[in-house]
Structure formats: structure tokens, C-alpha cells
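Student: Here's the letter readout for the chains.
There are 2 protein chains.
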Amino acid sequence: MKLYEALAQEIEDMVAQQVLRPGERLPSVRQQHARRGASPSTVFQAYYLLEARGVIESRPRSGYYVAPGRAPTAAPEPEPSRPDGAPRSVDVSELVFGVLEAARSRRVVPFGSAFPSPELFPLPKLARALASSTRRLDPWSTVADLGAGNGELRRQIALRYQLDGAAVAADDIVVTNGALEALNLCLQAVARPGDTVLVESPSFYAALQALERLELKAVEVATHPREGMELGALAAALERHRPAACWLMTSFQNPLGSLMAPDKKQALVGLLAAHGVPLIEDDVYGELYFGARRPALAKRYDAPGAQGLVLHCSSFSKCLAPGFRVGWAAPGRYARAVERLKLTTSLAAAMPSQLALAEYLGQGGYDRHLRQLRAALMGQQAQMLAALAEHFPPGTRVTHPEGGYFLWVVLPEGADALALHAAALERGISIAPGPMFSAKREFRNCLRLNYGHPWSTEHAAAIATLGELIRG
Amino acid sequence: MKLYEALAQEIEDMVAQQVLRPGERLPSVRQQHARRGASPSTVFQAYYLLEARGVIESRPRSGYYVAPGRAPTAAPEPEPSRPDGAPRSVDVSELVFGVLEAARSRRVVPFGSAFPSPELFPLPKLARALASSTRRLDPWSTVADLGAGNGELRRQIALRYQLDGAAVAADDIVVTNGALEALNLCLQAVARPGDTVLVESPSFYAALQALERLELKAVEVATHPREGMELGALAAALERHRPAACWLMTSFQNPLGSLMAPDKKQALVGLLAAHGVPLIEDDVYGELYFGARRPALAKRYDAPGAQGLVLHCSSFSKCLAPGFRVGWAAPGRYARAVERLKLTTSLAAAMPSQLALAEYLGQGGYDRHLRQLRAALMGQQAQMLAALAEHFPPGTRVTHPEGGYFLWVVLPEGADALALHAAALERGISIAPGPMFSAKREFRNCLRLNYGHPWSTEHAAAIATLGELIRG
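As they're listed, the protein sequences go chains S and P. According to the UniProt record's numbering, the stretch in the first sequence is residues 1 to 472, in order. According to the UniProt record's numbering, the stretch in the second sequence is residues 1 to 472, in order.
To be clear, the hints were calculated from the coordinates, so they are not data collected in a lab. Warning: the hint list may mix true and false statements.
[What the hints assert, rightly or not] In silico SDA-like pairs for lysine to any residue, Cα to Cα no more than 20 Å straight-line: (1) K2(S) x H400(S); (2) K125(P) x R128(S); (3) K125(S) x A376(P); (4) K2(S) x G291(S); (5) K2(S) x H33(S); (6) K125(S) x L95(P); (7) K125(S) x S141(P); (8) K440(S) x F115(S); (9) K125(S) x S132(P); (10) K264(S) x G232(S); (11) K125(S) x G98(P); (12) K125(P) x S141(S); (13) K125(S) x D138(P); (14) K125(P) x R136(S).
Same shape as in the complex, but just chain S (with noise of 0.2 Å):
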């Protein structure tokens, strides 16, 4: 356990004792750092997961507070899944539509979708980029930036990729429209039609849709909900279907929100690399961390020794600018296949995204924004917990997760997730039902909800009516 840890436990403990009442205010972040000797970050650490578990709660410009009413009773954390690891040809697009067209509505309360909401994002800050950086377009960079994308946009990612101790060359890059394009290359770099593909389970139902599109067939790998996918698992896959590549989210996974640990990030690449097996990392909620730093990339353990085989892939759809498509893949040994694809298939991103946001990220507001981001998202989570601890029957698991904007959830044995999307559809609110992430649509009794919007007494009272509709 950490020191964080440690110290958010010991509160937890003290509130759950009463020792610390409903609505008292917590040490502030100098007295515990003055007088314990802990570390200010070590602090904030603690008191944002004590947030994030809905035990405490902040308040602006005075500090934190017990949470009010009742201690928290979190449910239970879901079981580790169990597919029967068969290789299956993928049709969930029809139930994926449904779905997705059902929660489209803004008069929805959408925790059935797959954004956080825009309201979260700097888009004052990128209009005036986009205007700027388009002022000063030079004409002859539409043709010069046809396949890899903007030179200035690339240094930038790879930039990052720096920091994260992962060396990826700004040419080794391909600049793509969002990653579930960089996504579709990549599984066509590796894979032919009839070819089988590793996937989590539960796995993102897009990642499904393009399996289907390009007639890949997908085995379900067990997968822990706050660990990520089983290596043991894993392995046992690798052995019986010789599959063409393996494709996961290491950090923060969508429906579920499982971290992999750095060390089995590494064993990970290993164990892929062994086998001669590509790893399409699809990394997309990796800065939306409520933890210290970002978690690791797998893609960091893809040394040369480990043959390049790793294709990271990422975007900005998530933690900045939805609309403007531009997301990359760092496609490793497969650069130049990707690159091609991408001029084959749509010849380049736009431009003016792609400009705007090379000029947002050169200002250096990025990382401020994703601080404020990420304790939105923190909050909110907390707020949704509670709310479902509060109006979800016994028996339901929900998942905690350490980032991301997703919560899953496991409702007694019997529930039916699409009657429930149904159901809450009629009084205005969407989910995401457990079967949209399986090839299989298993996960009946499950559903993903999205926390990713200003909590209000609206959505109070959105999670009540579930309750109300999974009893019954």
C-alpha cells in the first residue's frame, strides 16, 4: 500500500468510526504536511481518492469535508470475467446503433455515452487557436502534410511521449481522424480477413465493430475489472489460436476501467513479443489518471529488443477537443504500413484541427486543463458512487476506477440490462447495457454508465429511477 493510500485508509476508518462526523472539516493540506511530516502531494493524493470514494468532499476556496449523511457503503468490486475463450465472427453493431442513436439526444441524461461532457473542455482557448493558427496557414502545407500529419503537431505528441519515458520518433507518428481510425489501420496493418484478434472481456463494442468490418474474428480474454486483462489467460490464448494481434487499453479500460500495473504492462509486451504477437494499445483515457502521475505505457517496454511490435494508439477526443477528430497511432515497426493506410484510406486529417491544436498544445495549457479535468472527473465519480450506493439493490457490484469516466456495473443475477436501457430510455435516460461489449453480448446483467458530466440533481435523480426500474 502506499503512502497515500495508507493515509486515505486511516481517514476512512476515523469517518467510518465517527471519529470524523458528517460535514467536519478535514486538516488542511499544510497542517498535515506541518505536523505529520506527509508530503503535500502525498495529502492531495489522499483526500482526492477520500473524494473520489465519496467519502469526502471538497469545497471551493475553504477546503474538505466529511461527506455528509450517511458513511459510504461502496458496493462490492464485480468478479473477474470468464469467457469460454472461443473464437466467434462479431455482430453487435445493430444493438450498438440502437443504442447510440437512443442516447444522442441532448435531452437525455447520458450516461449511456461514450464522451465526458464538452462543457469540460478549453474551447474558448482552441476557438482563438484555430483562428490564429489558420491565419497563418501556409498554403503549401496541405500537400506537404498529406498521410503522417502536421510536422509541429507530431513533435509535439512525440514530446510527450518523451516525458512518458516512451521513444517514439516524431516520424515514426501517423496522424489520424480520432483513434478509432488509427484503430482500423493498425488492425489492418496486422491482420488479414479470417485472422483472429485477442480482445478483452468485457471489450470496447467499437473495437468489436471493427473486427466485424474487417471480418476478424475475436477471442475473449478473462479480464479483471480493476486489473485489466489475465496474462494467465493470455497466454493460454496465445498457445491455442495463434491469433494475428492482440488489442487492449491498458489504462483505464472502457466499459471497465482496469489499470494494469507497470510491471504487468511489461510482462504484457513480453509475453506478446514472444510469441511474435502485436500489441495494439489503444490508450485513449490514459491522462485521465486520479492518481499521481500517468500511468505507464505498455508501449514504454517495447524496446528494440522487443521488436517494435507495440502500436500505440491515442487521441485528443477524450481529454480535449472531441470534435476536432485528431488522434495518432505510434505504430512501432509497422510505421510506414500505417502511413500508407492512412493515404489510401482518407489521405490525411484535417488541417485546421490538426493546426490548431499543434498551437494549443506549443502555448502550454494543456496540462493545466487536464488537472482541472481530472478532479472534475474525480468528483463526479465520487457523486455517482454514492448515488448508487444509495439507490442500486444489495447485491450490485460497481467497479472503482482509478481514471476514465466509465462505471461498471453488475446487478444481481436475473437483471436485463437492454430491458432496463429500454425501460430508462422511456423516462429520458440512457446507459450502455452490458451485452454492446461482448461478441458474444454477454453481460446481461451489466451496464456501463458514464460519469462524465456535471453531476446535478437531475442525475440524482436519474440514478434513483434506475434504482426504482431494477427493482422493479
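Guided by the hints, dock chain P onto chain S, whose structure is given.
Tutor: Structure of chain P alone, referenced to chain S:
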């Protein structure tokens, strides 16, 4: 022969007979109208046509003059192609990538480029539209417009279809990441790996690359350099191959510049409908006509009785905003399928680009810009044709397209365009060698030249250099 064509012929004859001498001023439009009774639009069209042919030239604020120097001795037109009609797997990518890469430097004379000069586009006005539309950006539009694209932009595009006589509802338009993505999505909507697709001969290399990537087979159909694909050959190929689709450019085909007459387009749509074969109509050059009005769309003849089998694709990349990467498809009965493919391959086109174009189109300056662009391209075509007539060896054949910005040059037998490409590049000149445009790598003695850039002494010298290299 139309009135303006007759008038143009009359004047061209006068020049050939030295009735009008080089440098002499032509009667003004007002004079032609007042004395001869010709309508101003007829006179303008005749003069435009003569300018395109290099017979006359315009001088700003002064009028039209007979071109100086020699009377143009236009090279004869190439013969129709006679491909063998066998289905072929496509493998042109290495060649194409090599040529495109070489042409990318701005220090190279861009005769091999696929784009007109970005200097011909209204970049400052687009930058202002970007800035103002993004300032007013509704954060929720980034979610609401996923998939098919921004509603206002689709409405503006639908308005233009209406003016062109094609009934396309805004809801049936899918905005894409350029016309290349539109083509890819349409191909995926109608064909499966292993299927056969009919294409022109020669054919646009990016379409051949798309077939290659999607593991489709190409059957090249005989194509007339001025009138487009030959319907007799098409009918035979339909009987013989039972193709999944026919892909072609009905107006100013790349690389030939061929233009199908309206009744031929109507017959084309009827013929394909009779076989139940979808037509993917790539129309990215349709706005770049030199005649009196926009060429008809084949889509126009896709009446409800014709089953909605025409998938019309276009973009703003060739005529307004190349780097914005905004194209679209109007896929008829396949609209929903294409929309879903868009959702699963790249989610949406970039929102800033879409909003800026919607605003620009709403302001009403697009048609004025297009008129200026067409006039520039016509003049540049005339300059290049004249230079070719002067410097290329006897026996050279050249197209005289009525729109677009490509010439197709057929060199005397035995000439080697690939060797010419390599030699020209060493002299700082790019060309697009003929084998890029054929699954069978035919057209070894052909090249495509781009006249989409303002003519300069450097360009004139480059044509002379090419002539020297060809003569050896």
C-alpha cells in the same frame, strides 16, 4: 454545335486565316451583342473556350486579344483505350507512393501533383469562417453530429444538389473525411473481398489502391479520352463479370479529363440499373467546368424507378479547401449503410472544418470563387497546351478537356514514362507516369500533367526540359 461553339470556331478560323492577327484586340462583348445580336453569355462562353484553346488571351481591364506568337497547332487527341478486360488483383501502391512522395517537395515543378495550387483558394475568407463559426460552436454539436455530419453543412450540400437537378435529401448525405473516404465507404457498402469492380481505363490510382486494400478485383473498361467509358464495352463487361459495382468519374475524369454527355450519363444509369449494379459516381471535378453550366450528374438520372443505385461522391478538396478534408457521399439506398460504416471507421469528419464550410457556403461567395477558379484553370490549360505543342515531339497526342486541371499526354510509341519520371525528377520536375493509372501497369508511354498551378516562366522552361528529355 452550340451557338458559342459556332462563334468560337468562326473566330478561330479568322485567326488561322490571319484575318485576326496575333496581339490584335477582339471585339468586346458589348460590341458582339450590339452588332451581331449574340447574347453576352454566348460571347463569354465563346471567348472562354478560345482562351482555353490558347487562341486568345484576356488582359485585365482591357479585353481579349489574339494570343501572341504562333497560331496554336494543337496536338491530336489520343485514341480510346482497349484494355483486355480480364479481372485483376491490383498492385499499384508501391509505384504510386514513390511518385507521390517525390512530388511532395515544394521545390519541384508540380506537374505530377494531384491538387491545384492552394494559392487559388480563398484561404483568408475560410480562416475567418473558421474563427467565427468555432466561436459560436455549440459544444453539444460534437456529439449530435457524429456519423452523418453537421446538419447545416448537409443542408447546404443538398441545396446544391437541388440546383443540379438531383433530388437528394440532407438526411441522405454522409459527410466524410474527403472524397477518398467517401469512395472507400461506398465500396465497402456494396462489395465484399473477392468481388469485381468495373473501372475506367486509365483509372484514378487512388481508386485502384482502394480496390487493392479491400481485396477487390478490377476490370478495366475501354474509355474514350473525351467521352468517357464506352457503354458497349461496359455492357459486355456487365454480362461477363457480374460485378459488385461500377466506379467512375463522369465529369473530367482523372487522368483523361473525359466528360460524359448528359444522355450518355442517363444511358449509363439505365444500363447499370438493368443489371442491378450500383454506380459509384466520383464527381470531385464536376464544379471545374469551362463550359456554360455544370455538367449533369449521373445521380440526376437515378430516379426512384432507377432504384437509388447511384452513390454520388464529391468533396471541397479540389475546388475550395483541400486541407479541410471535407467530402461527402449521397449513397441513395445505401445511405444508412454508409453512415454506419462512417461511424465505425472514423466516427465523424472534423467539426471545425464542417462548421467553417457551412458558414462559408451560407455567405454566398462560393460561386464567385468558382468562376474565378475556372477562369484561372482555363487560362493555365491554354498555356500548357501551347507549350506542349511547341516542345513535345511530333506524334504526341494530348487531351483537350473541358474542365478539371489534368492533361493526358500520349507520347510516341516506345517512350517510357517511368524513365521520364526519374529523369525529370532529377531536373526538379514531377510528372504522373501512365502506369500509375492501370492495374495492369499499361500506358507506359503516357503521362498526366497538372495545369492547376499559375503559369510561370519556370513552368514553361520545365515543359521545354521535358520535351528535351523525351527526345533523348
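Student: The structure should be examined with respect to each hint, and the outcome stated for every one.
Tutor: Here is how each hint holds up against the structure:
1. A C-alpha spacing of about 17 Å is found between K2(S) and H400(S), which places the hinted pair at or below 20 Å, so the restraint holds.
2. Pair hint K125(P) plus R128(S) holds up; C-alpha atoms about 16 Å apart against a cutoff of 20 Å.
3. Taking the CA atoms of K125(S) and A376(P), the gap is about 38 Å. The hint is violated against a cut of 20 Å.
4. Between K2(S) and G291(S) the alpha-carbon distance is near 11 Å, which keeps this suggested pair within the 20 Å criterion.
5. Proximity of K2(S) to H33(S) is assessed by CA-CA distance (about 17 Å); at most 20 Å being required, the pair is judged to hold.
6. Restraint check: the Cα-Cα separation between K125(S) and L95(P) comes to about 43 Å, which exceeds 20 Å; the hinted pair is violated.
7. Between K125(S) and S141(P) the CA atoms are separated by roughly 17 Å; this keeps the pair inside 20 Å, and the hint holds.
8. Simply put, K440(S) and F115(S) have alpha-carbon atoms about 25 Å apart, too far for the 20 Å limit, and the pair is violated.
9. Restraint check for K125(S) and S132(P): the C-alpha separation of about 13 Å stays at or below 20 Å, so the hint holds.
10. Only pairs whose Cα atoms come within 20 Å are accepted, and K264(S) paired with G232(S) is accepted, the gap being roughly 11 Å.
11. Pair hint K125(S) plus G98(P) does not hold up; C-alpha atoms about 40 Å apart against a cutoff of 20 Å.
12. Between K125(P) and S141(S), the direct Cα distance comes to roughly 18 Å. Compliance with the 20 Å bound is thereby established for this hinted pair.
13. About 14 Å separates the Cα atoms of K125(S) and D138(P), which keeps this hinted pair within 20 Å; it holds.
14. A hinted pair counts as satisfied when its Cα atoms are at most 20 Å apart, and K125(P) with R136(S) qualifies at roughly 13 Å.
The structure fails to meet hints 3, 6, 8 and 11 from the earlier list, while all remaining hints are met.
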